[in-house]
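Participant: Sequence:
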Amino acid sequence: MRQDREIACDNCALKYLEHGENIKYGSAIIKLIQLTNESQILIGTTSIVSSKSEIKKRIIMISKHKKTSWKGILFGSIVIIGVGIVGLTSSSLKLSALDNHKITFTNKTLEKALREKMNKPEGDILKSDVLKIDELNLSYKEKELKSLDGIENLTNLKSLNLTFSYAVDISPLKDLTKLHYLNLSRNYFILNKDISSLKNLVNLERLDLSSDGIEDLTPLKNMKNLRVLNLYSNEITDLNPIKDLNQLKEINLSGGSRDGYNHIKDISILKDFKDLHNLNISFNDVTKSVVDDLQKALPDCNVKCKQLGELDYPRFITCQGWTGDEKYWNDNTEDNSFYAEFNPFSGVDIREIAYSTEPYTIKLNSNIVSEKLTVRVYYDGKKLFEKENPEGETVNIPYTSKGVYIESVGEGAKGNFKFELK
Numbered sequence: 001m002r003q004d005r006e007i008a009c010d011n012c013a014l015k016y017l018e019h020g021e022n023i024k025y026g027s028a029i030i031k032l033i034q035l036t037n038e039s040q041i042l043i044g045t046t047s048i049v050s051s052k053s054e055i056k057k058r059i060i061m062i063s064k065h066k067k068t069s070w071k072g073i074l075f076g077s078i079v080i081i082g083v084g085i086v087g088l089t090s091s092s093l094k095l096s097a098l099d100n101h102k103i104t105f106t107n108k109t110l111e112k113a114l115r116e117k118m119n120k121p122e123g124d125i126l127k128s129d130v131l132k133i134d135e136l137n138l139s140y141k142e143k144e145l146k147s148l149d150g151i152e153n154l155t156n157l158k159s160l161n162l163t164f165s166y167a168v169d170i171s172p173l174k175d176l177t178k179l180h181y182l183n184l185s186r187n188y189f190i191l192n193k194d195i196s197s198l199k200n201l202v203n204l205e206r207l208d209l210s211s212d213g214i215e216d217l218t219p220l221k222n223m224k225n226l227r228v229l230n231l232y233s234n235e236i237t238d239l240n241p242i243k244d245l246n247q248l249k250e251i252n253l254s255g256g257s258r259d260g261y262n263h264i265k266d267i268s269i270l271k272d273f274k275d276l277h278n279l280n281i282s283f284n285d286v287t288k289s290v291v292d293d294l295q296k297a298l299p300d301c302n303v304k305c306k307q308l309g310e311l312d313y314p315r316f317i318t319c320q321g322w323t324g325d326e327k328y329w330n331d332n333t334e335d336n337s338f339y340a341e342f343n344p345f346s347g348v349d350i351r352e353i354a355y356s357t358e359p360y361t362i363k364l365n366s367n368i369v370s371e372k373l374t375v376r377v378y379y380d381g382k383k384l385f386e387k388e389n390p391e392g393e394t395v396n397i398p399y400t401s402k403g404v405y406i407e408s409v410g411e412g413a414k415g416n417f418k419f420e421l422k
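If you use the UniProt record's numbering, the sequence shown corresponds to residues 1 to 422, in order.
Read the hints as simulated data drawn from the structure, not as lab findings. Misleading hints may appear alongside valid ones.
Stated by the list, open to error - For lysine to any residue, the following SDA-like pairs were computed, each having C-alpha atoms within a straight-line distance of at most 20 Å:
1) Lys288 x Ile264
2) Lys146 x Lys132
3) Lys193 x Thr218
4) Lys274 x His263
5) Lys193 x Lys221
6) Lys174 x Asn200
7) Lys178 x Ser196
8) Lys249 x Leu239
9) Lys108 x Gly150
10) Lys120 x Thr104
11) Lys117 x Ile103
12) Lys141 x Thr106
13) Lys265 x Leu239
14) Lys243 x Asp275
15) Lys108 x Lys199
16) Lys141 x Phe189
17) Lys271 x Asn200
18) Lys132 x Lys158
19) Lys199 x His180
20) Lys274 x Ala297
21) Lys141 x Lys383
22) Lys274 x Asp292
23) Lys193 x Arg227
24) Lys146 x Asp124
25) Lys243 x Asn225
26) Lys141 x Lys178
27) Lys271 x Leu248
28) Lys112 x Tyr140
29) Lys274 x Asp244
30) Lys243 x Ile269
31) Lys265 x Asp293
32) Lys174 x Glu205
33) Lys112 x Asp134
34) Lys274 x Glu235
35) Lys288 x Lys304
36) Lys158 x Glu144
37) Lys141 x Asp293
38) Lys146 x Lys120
39) Lys112 x Lys178
40) Lys304 x Ser268
A quick note: this is a predicted structure, and the numbers were derived from the prediction, not measured.
My request is simple: use the sequences and hints to build the entire structure.
Facilitator: In structure tokens form, the structure reads like this:
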């Protein structure tokens, strides 16, 4: 083994030497031998050898060494490059064949949505077709969708809305690693409440898991690009799995109602979330002192809380998903008005509208200036109102603790959004 290493070392040195120089190299080794006693070990160039016969073999090899000519090097390079080109061409052909293979969808609702998206009402759907899709809205398919089988082929998706799609098995999402936005809200029947299929979606920036019955947040722990996280109305008690996601800017942890689901007691991990601007912890089991401590640690964070363990903050509105100058309604005003630049994703929820738990009537007047925006109002799980581009509409809502919420669905929206609450 030692001899092999010494030969390798010689070869490495000799390839940089001209023929005359290799003689000097051999002479240097001979002088080293002469400086040693025959009863001692003989010194080599990289380790030691145990006999003069091994040194002799090395000297003969050195004396006969001839540096490879430039022609030989050139020929070898051409051969290597040629083999590489053949390999690359072969790989390209294989990739081309892969991109053009036919995809069959057992889920006809999904196939229909894709055909509409691609403007391809008939004919084979090829892999190359679906690779062109980077945004898909499958919200409100209710009982029509159920299965997501086939969606795994859309590997270039960046935005996916599955709100109220009755998705049960979400495992087909596991390889959609280019996703930046994912909305899985109101999919109450996710199999075993298991979201482990999302753990590799580390490029997500916005994630909506509201009303999904989720208990364990561990699959989210490595989502270091996440900026907005909506966990409204789940079954969460422990925030420790997301303790390292201190890059988050917005978090909704609201339980939905005093009889709702999230029962979070400890929010101390959020003290290190220095980039956090908006936090909703309404209807949880935290106390006033805990909230006060958090607000001291995060003075720039807008903490919204209602019906907590020991306090009852004023009435408020939160507008999840919108940007702009937002003003929150409280006991001192009957107005909430803000300017929204855009509706970033269709199916965004403007929620929640939460008030005192005492029943009374609310008048909601929405004046919206927008393009192709449909507004829906729900109460107690039932749709009370739906209209495209409503102006001056009034909806009377008898409130109970089960909640009221508004949704906007549309391609784009810009203008003043006003809700008059009385």
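Participant: Hint check: Lys178 vs Ser196, CA-CA at most 20 Å. Holds or violated?
Facilitator: With Cα atoms ~17 Å apart, Lys178 and Ser196 stay inside 20 Å; holds.
Participant: Quickly compare the C-alpha distance for Lys288 and Lys304 to 20 Å and report which way the hint goes.
Facilitator: holds (12 Å)
Participant: Check the hint pairing Lys274 with Asp292 against an upper bound of 20 Å on the C-alpha distance.
Facilitator: holds (16 Å)
Participant: Under the criterion that the straight-line Cα-Cα distance not exceed 20 Å, is the pair Lys108, Gly150 satisfied?
Facilitator: With a Cα-Cα distance of about 10 Å, the restraint between Lys108 and Gly150 holds, given a limit of 20 Å.
Participant: Would you check the hint for Lys108 and Lys199, treating anything up to 20 Å between C-alpha atoms as holding?
Facilitator: Not satisfied, since the Cα-Cα distance of roughly 28 Å exceeds 20 Å.
Participant: Can the restraint linking Lys112 and Lys178 be considered satisfied, given a maximum Cα separation of 20 Å?
Facilitator: Cα-Cα ~23 Å, so violated.
Participant: Run the distance test for Lys249 versus Leu239: straight-line Cα separation, threshold 20 Å.
Facilitator: holds (16 Å)
Participant: Would the pair Lys274 and His263 pass a check requiring their Cα atoms to be no farther apart than 20 Å?
Facilitator: At roughly 24 Å apart (the allowed maximum being 20 Å), His263 and Lys274 break the hint.
Participant: Straight-line Cα separation of Lys265 and Asp293 no greater than 20 Å?
Facilitator: holds (14 Å)
Participant: Is Lys288 within 20 Å of Ile264, Cα to Cα?
Facilitator: holds (13 Å)
Participant: Holds or violated: Lys243 and Ile269, Cα atoms, limit 20 Å.
Facilitator: holds (6 Å)
Participant: Do the alpha carbons of Lys141 and Lys383 lie within 20 Å of each other, as the hint requires?
Facilitator: At roughly 15 Å apart (the allowed maximum being 20 Å), Lys383 and Lys141 satisfy the hint.
Hints 2, 4, 15, 17, 23, 24, 26, 34, 36, 37, 38 and 39 from the list above are not met by this structure, while the remaining hints are.
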